[in-house]
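Chemist: Below are the chains, spelled out letter by letter.
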Amino acid sequence: MAVATDIMDKLEILAEGAKYDASCASSGSFRRNCDGIGNAASCGICHSWTSDGRCVSLLKLLMTNICIYDCAYCVNRRSNDLRRVMLTPAEVAELTIGFYRRNYIEGLFLSTGVVRSPDYTMELLIAAVSSLRQEYRFNGYIHLKLVPGADSLLVQKAGLLADRVSINLELPTPESLALLAPDKSREAVVGPMRQVNNLIVINREERRASRSVPRFAPAGQSTQLIVGATNESDRQIVTLSEQLYRRLDLKRVYYSAYIPVVADTRLPVRSTSPLRREHRLYQADWLLRYYGFSAHELLDEKTPNLEVDIDPKTGWALRHLELFPVEINLADYEVLLRVPGIGVRSAQRIVRARRQGHLGIDDLAKLGVVLKRARYFLTARGRYPGGCAMESSLLRRKLVGGQSQQGGIQLELPLSQPQATDERISLIAGEL
Amino acid sequence: MSGMYRYDGTFAGLLTLLAHILPNRILPYSIIVDPLLQQSLFAEVTTIETDQEQVEEFWAELTKRLTPSCCNHIMRAFLADQTGRELMICRYLLLAWEVGKKIGGMLANPHVTPLWKLSQQVGGETHRYKGFVRFQETRGGFFYSAISPDHRILSLIAPHFAARFSDQHWVIHDMHHDEGIVFDRHRRKWLILPMESNHEPDLTPAEERFQALWRSYFTTLAISERENLRLQRSKVPLKVRPWLVEFSQGGGEYGAQMMPSS
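Chains A and B supply the protein sequences, listed in that same order. Using our numbering, you'd call the opening residue of the first sequence number 8 and step up by one each time. Using our numbering, you'd call the opening residue of the second sequence number 483 and step up by one each time.
Not everything, but these chain A residues come out facing chain B in the computed CB check (under 10 Å):
| hint | residue |
| --- | --- |
| 1 | M15 |
| 2 | A25 |
| 3 | W56 |
| 4 | D59 |
| 5 | F106 |
| 6 | L366 |
No wet-lab data here; the hints were simulated from the structure. Every residue, glycine too, gets a C-beta built ideally from N, C-alpha and C.
In isolation and in its complexed conformation, chain B is listed as follows:
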């Protein structure tokens, strides 16, 4: 029975899959999303169709068996951009089904350690991106920001920005995973949509002025006698700098226009 399983790549899909295998204590050989992967030639693939009713039932059971912080670990690990995270969650839950809530403290267990460490990475990146998002005011009447995080953190940062900037239309575009959050200030709702990048945003004059002010302010703020570029680089890795106003010259070159692709 420990064959290969395929689901649609959504969290609900994974929960449906888990609802199938956990009661039978099956540890799959692998869990895939893409049906065309080469390994699938050599093993039989069980395809799981997402079933909303089953998802709700299973989620209720999960929250009963585990503490809220363990459920959060699972959600954050799922959002990690790492292959094999589904199996990691599987192993964790198989153990959880045996030991119950005690699993929260079993930090050194080989089935538990990888999961909380991954969850911690995702949580850390979520926190950093609450600071690293830079909005640009566009002539289209909304504030646009492009980011390129390692993990799929959009759904984790959305509530923060929705609460903070509830009086402006804004878009945060994840260029790495080709999706974005769109916030509508009238309805006060956010939505995650697939997004492509092709156009530079059309910036307002005020935007360019504030960017210039910010760059000059940022440069002034450094105390040259205390210069420590190594420390700066550990705090602001080079890979995030193209998206930060204070580390790039002039506006617009990295921008893109929101364009739902489906």
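With the rest of the complex left out, here is chain A:
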């Protein structure tokens, strides 16, 4: 039983080190089960939800929490007094298969601290994943972290084994990186991202010519930004995300609210509602990816930060009341998408349903369109259901008042203000 307890301890310590990585997606890849165990469903599947309401889809694990770096925001930094442990590649594979067979997880998310050198660490990760793919014939989802500074051949190898690869940018600007993560250079992070993007593009071309070419990172790459540890504005962050999506074709950018428990001397004292800010950034991110918005529409010099009490789309609409109300029976799909409160599904349903006849307000409710916000920005058969003048400050009052009964989303933290001491404890593991 000694061995089992040992594994139990390691699992606890290494899950503790990995849990602050926000990435959880298991979607975007499709892998058949060819004579082994597992497959990857393109829709992604959540298996459980922890008491903080975040979903559990992948077995999120560090290979080791030993690290040669000393990044201020990270729990695993060299100077933090922690018990350091390490899993063997065989142990990682055994745990993954044991959990997967019982349908606890959708796959593996393997990250790590940097031990000895980036290349050595990357080789460890690759050994674990190739044991899964080759010995266990595992066809489930694998998300693999790339170690900044690892050899490009190793990066290529990783992408051939994993469904998604990622490397965390963590800090939005090179200045912040120099301040908080002095051992890493921006180029060591962005370089591999660029390389991965090139490899994905090349692989796509090759697979167009021949289907037998093995896939390289079929679910693409993602990254994470820590929000609130440094002084960047939302505008800087959203613009950066836009560039990452457009230039590097990233699938996701995750935002992780930095939660200061005890202040580090290098870290600024920041916002009191980090989760609300994180939530608004995710909303803006969705607007970039699925709603055809660009960063400069959402934020500019005059408004460098997203509004706290109103979502970014509603905020945009209130600044552009000249475009509203729109008639739902006539407006293009792209225009419908820009109506606050109307999402992708609602817009699609409206477009489908109106082909069979003009829609009234009651019909919208039947289609499942939520009118709480939308009613102020549309007409149906020429009728305006808002019941008040289209005037910015009046609408704002109505919309903010209506948001108090929001369900499910926690936006405030029950935290007292951090006290400044010499101790350095932080809650974000930006292990890479």
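We have chain A already, so just place chain B on it with the hints.
Modeler: Same frame as chain A, now just chain B:
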């Protein structure tokens, strides 16, 4: 003619019934399975015997008249655990017989809305249960899972698990509707059988170890500063928790042994 109709409760039975009434544009007063229901004292009941040949003929016609997604809505609505679903399907098809494929877009029509909403509920539960199934390794050499879904989703989740776990024998037991899927890894086939619950599964030592590991992992994973139990409860309703390893203490207490009852 708009009386009461009775069928055997199977999808094939319902299709036979529909094949009878649709050409004559009959909307039944009610459709029942159980012959002993009280209302049957007051109305004449037409009993429809399932006829496989008619089913195939009717299904061919149905797939010609409707889009594949509409056919899926009908199948999923049939699997819903809701009284009156047969009449709902009837009304939908009566309209479909008039307007044809256009019905796919008539989402706001009073005969269409209830059907796609019900189908959506069943589809949503199907997706959630792809995550909520928890297998336990038994000494009998198969992996056993008990679930208690609202709707009869077994036939909808079976292909997913059959593809994913094709190298293990497994059973998924729907305790709510007393039926289960049995998957045979040698023949790579699954079968839905009536099932009763009476015994706890006999777990292997490895099973108990993995359950303990998973519970400890799951607890560690939560970030206490971000605790949000309300959100967790909306994602994992209390009613599914008894069947989830990470929400129950120790293994086995909710288990049962597969036992085909007929």
